[in-house]
Structures are given as C-alpha cells and as structure tokens.
Amino acid sequence: MTACAIEGGTAGAATTADPGPEESGEPEEPVGAESAGVEGTAGTKGAAEPEEAAGAVPAGPAAPWADAPRAPGTFTLTADGAYGARLTAAPGAPGEQRAWYPERWTLDGPEPYAVPLPLHQPEEPDAQVVPLADGRVLIRRRVADRQMFSLLYPTGPATGELALGAVECDGMTLLPPSPDGSSVYGLSAGDHSSLLWLVAGGAFGPELVAEIPGHCSGGVWLDRAGRMLALDRQLPGGGPVKAVAVDLERNGEVTPLLQITPESDDRLLLADADSGLLLIRSDAPGHDRLGWGVLGSCLPVRFPECLRPADVAVTPFAVQPGQMLMPESCAVALRIDGAAGSWVGIWRPQGRRLHQLAAPEGWSAGAGYWSRDGVLHLPYANAATPCAVARIEAPGDDGPLPETGGTGRTDGNTGGTEPSGAVTPPVVCKPVPLGQAPLHRTAPPD
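My numbering applies: residue -2 is where the sequence shown begins, and numbers increase by one.
If you are wondering where the hints come from, they were derived from the structure by calculation, not from laboratory data. Since this is a predicted model, take the numbers as computed values, not measurements. Each hint should be verified, as a subset may be incorrect.
Okay, the calculated beta carbon distance ranges per label pair [claimed, not checked]: (1) P91 <-> Q118: 22 to 28 angstroms; (2) A380 <-> G168: 44 to 50 angstroms; (3) N248 <-> E165: 45 to 51 angstroms; (4) D105 <-> E204: 28 to 34 angstroms; (5) A337 <-> E204: 41 to 47 angstroms; (6) C295 <-> P113: 38 to 44 angstroms.
In this text, a Cβ means the ideal position worked out from N, Cα and C, and glycines have one as well.
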C-alpha cells in the first residue's frame, strides 16, 4: 500500500527541530515523494480531558521559570493521555545537587494530581520513565553495561517495584508508549544494525523483537493496535535517512515508508491514525523543512512557509484525533524554541497560518495532547502549582491571511499568526507521481 503522497513540512514525536532556514519568496514548496508500503493508519494522542486546568494563554513566549528544577528527561504521556510520567527533583537550595525520582501524573480524573514514586536511593539523571495504561510506570536504568527495567507503582505511603529483567547493551532509548497501553519498546541502535526490544508487556521479561540493518532512530506508531512502527533508518555504510515501517507481528519485517527524493533525508515525526495525517522533516527542498502529507495520498509533500519562522526551532508534538478522513482540518500542536524560551504553536494544514501562544509557566516543553473537539492540554508545574493542566482551544483560521513580508512573531492583536506566503488563486493540477513532483509551484494556467 502506498504510504503517502504529500505537500508540506515534517514534524516528529521524538525528533529535535532545526532552526528555520532563510526566508523564501515561495508560498509553499511541493516536493515529489515516493513512499511504499504499510497497511493501517497513524497513531494518535488520546482524548482524555482533565476537569481542572488553566484557561487559554495569551500570545507570545513564556518567561522562563528561574526556580524550576530542570528534569533531565522528558514528560511522557500514555497514548490516550490518561497518565504522564517524568523524573523530577526533590526541593533543595540553589546550586546544590538534586535528588531525582519518578513521578506519575493522573490526567483523566476530575482534576490532575501527581504521585511521587521515590525508592530507597535517588535515580540517575539518565534514567527514563514511561507510563502504562494501568497506572504503573516503567523505568529504565543503566547499570554498567546493562539496561535494567522495573515497574513502579504506589503502595500506600511507599513505592512498589517489580523487576522485569535486563538487557546487556551500552545504550537504549525507550520509544513512545504503544497504543495498546501495556507494551513498551526500546531501541538499541548501532552503526550496522539496530535491535528492537519489547521491554514491558512480554511474557518473560525483555524480548528481542527484531534486528534491523542500519542505524535507526525516531519511533512513531502508525496504527492503534501497536503493530506498525515507523523508524528513521540510515543503511550501513551511510547514505540518506529514510523512514521505514516495521511490522511487529511479522518478525520485524521492514518495508519502505518515505522517499521524497533518492538523496534526501526523509524522517517521519508524527502520524495520526484517524485522518492519516503525516508530519515529516526532510531536506528535499535544499534544507531541512517541516512538511505534511497523507498516508495513501497521491499528492506531493507540502512544506508550508508558515512552519519556518525566523530564528526559532519548530517541532510538532501532538495531532488532534477524531478527524476521520479529514487530514487538512486536524489541529497540530508545535513546540517553538527561541532565544526567549519555549512557547506553543497551533497550525492546521488548511489554515496556512501558525498561531503562536504563550505556554503556561513551568510547562513540560513538548508535552501535551488533544481532545477530539480541538482542546489542547498542556501539563505544567511551577512553584505555585505542583501539578496542573492548561487547556487551550484551537483558534479558528477564519478571516484574512496575514500580510506577507516578515517572519517575526506577531503580537496578541493578530492572534499570533504567521504569514504562509503570498495569497494566490488555487492552482488546479493533475496528480503527479511522487518521484516526479516539481520542487517549485509553476504559474497557474491562463
């Protein structure tokens, strides 16, 4: 099955965005892409809606919270958004060494709350935690040349721990939680091959699922069953990075997923199971750009101008679920990193504009999920609020497009939007095979 034909930039769940390149006069750059093969649709964030949360925040970046402990890892959410987990630091005097411990957040009840899960000794800053759908938290610890795995859970005033076993390898990265809620996979990447492990959810501890030729990274779920996994792979000996699909029910069978041009690096960053919307990062236009496409479409990838504002890095982290067969109407949440800190962007493919909004103080940058009705939930904690969720309703894209000519962030009076290029009449084109799609839009016919 053809994976996608797309027009637009890339975005990804666990990929760091690069700063936007220099300004271009083109409103969009369609780029040909040839992709092959996976059945099923893309994975999504869940739609749980906590009751208590802050309201919408004004446009613009948030001021850094100077006294906040900076967790070494990230805030990870279950696929349905019901639970979150992170490493956090015990209170201490400024400048002194912090003691790290896991913390689980419950987000699907009447109001969010956090449960600390400390053990008899602090965790190392490089430990990783991933929440499961039953409320337990998987932790990966490195001990010498081994990766140790345990499940943590609250037991009254204490923390219970169930050891799962260990894998002998120098390094491993836990992938985003599986949509099935009970499985967690880890990726141990080497120069010549990468090992995919089922580290939680197996019958007898960690299990080797597949050995994939080449160096793999990323990790995006393509379906709701937790069967199809997309990875970004570079073959042994070098060459471009291409997204591939791994079928976990067929012994890790690998099939091509994205190829925009033969020489381009084409990474999959996010995928949505309901609509088929894909968010991609590729250098096919000549430099790294964020783009979008649709699983199974025959249209070229599109790289919107509004997704490359100047002097910032833009990384998508959540897609609105529930938009069946309507990829262009899906709201996408993006993390925007600049000199002033991190803030939030909201964009829809059909809207051609980037709305920029301040993040709540203490936001776990890049963490969040959408409800089906278009409300973005952002977990945050600060000195005044140890556990909370801000809810932001996706702004509409009605009204005129902003004037072109600049990519600097706009003020709150304009809704934080960004220009996406000159407004031109729509061009009616015949479908073009992905491998033959032009790099630049041609003039409309008379």
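Verification of the supplied hints:
1. P91 <-> Q118: 22 to 28 angstroms: holds, 23 angstroms
2. A380 <-> G168: 44 to 50 angstroms: violated, 35 angstroms
3. N248 <-> E165: 45 to 51 angstroms: violated, 22 angstroms
4. D105 <-> E204: 28 to 34 angstroms: Holds, at about 29 angstroms.
5. A337 <-> E204: 41 to 47 angstroms: About 45 angstroms separates the Cβ atoms of A337 and E204, which means 41 to 47 angstroms holds.
6. C295 <-> P113: 38 to 44 angstroms: violated, 51 angstroms
Violated hints, listed in ascending order, are 2, 3 and 6; each of the other numbered hints is respected by the structure.
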